[in-house]
Each structure stands twice: as structure tokens, then as C-alpha cells.
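Going by our numbering, the first residue of the sequence shown is number 12, and it counts up by one from there.
All clues given are correct.
No more than 20 Å apart at the CA atoms, straight line, and that leaves these computed lysine-lysine pairs for PhoX-like:
(1) K26 - K55
(2) K35 - K155
(3) K31 - K55
Keep in mind that the hints were calculated from the coordinates and are not lab data.
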Amino acid sequence: MGPPIEVQFFVHEEKISHIKLFFKNCLGTQWEIFSDIPYPALEKKISTWMGQYCSGREPSITLPFAFSALPSFTTRVLAAIQSISFGKCVSYKELALQLKNPRGCRAVGNACGRNPFPLIVPCHRILAHNQKIGGYALDLNLKKALLEFEGVPFSL
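Put together the whole structure using the sequences plus the hints.
Structure (C-alpha cells):
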């Protein structure tokens, strides 16, 4: 079933180049894969990942991304975010400390805002101080829906 979202995967040269994520007032999750040519193995991996996620568990598959065009700090932030498990969250400050940049909360937030791989690189799992939902580069209702689906406690 999954959260009420639509996910669009854009694939180029056997890697995910970016993802678009939308909140939908519907039941369940829908996804589509757009690519220049068919990549059946990658399409199967994406479908397996989505199936695992939508069944309420941490996906066991690693998907290939095109990280190369991103600034190095953004890449470091997104790599750290990938290690946050399904149903867990960290604060912007905790992530900045993990990256050995104790005053880098705002920089972490900016990197999250540039995340071209939402959901798969789960920036929705980053919360503000005291479990407050904080901001989100996409629709805030989308962040709420994802956190609720994953069972992450948060406040507004």
C-alpha cells in the first residue's frame, strides 16, 4: 500500500539521475520510471525497492545514483542521510555533528534542499530541534505523510 505519494524516477545511463516526489490525496503509492532507453535490470531493482518500502520495511537493495554533479559537501550530507534507517530520524544538528561540522545545521538543511533523490535518500527523516517537523524542499504534507507512514514521532 505505502504512503499517499507519486514517485517519478528519471534514469540515464543505468543510474537514477533524479527523482520527483508528489503528495497525493489517494490510497497507496504510485511510481513510474522514465528513461532514455529501457534498463530492465534497474527497473526491476527500483520496483523491488519500492515494494519493500511500501510494505513498511527498510529496503535491502542499493540503487545506483548519479551523484557526480553535486558539490562535495552535499554528497557527504546525502551519503550520511542514506544511513538513517526506516522509522528513525535525526536532527539537523545531529547530522552536522556526525559530519564533524558542529555549526553546520543550516548547511545541512541547504544540502537537504538540493537532494535530487527524495525518498531514496530520505531527507524527510531530518527533523528540527525537539522532534519538530522543520522544513522540507517539497510539500510539507508530503514530509508529514512519509513520517507518519514510517511511524516517526514528530511535532508541528
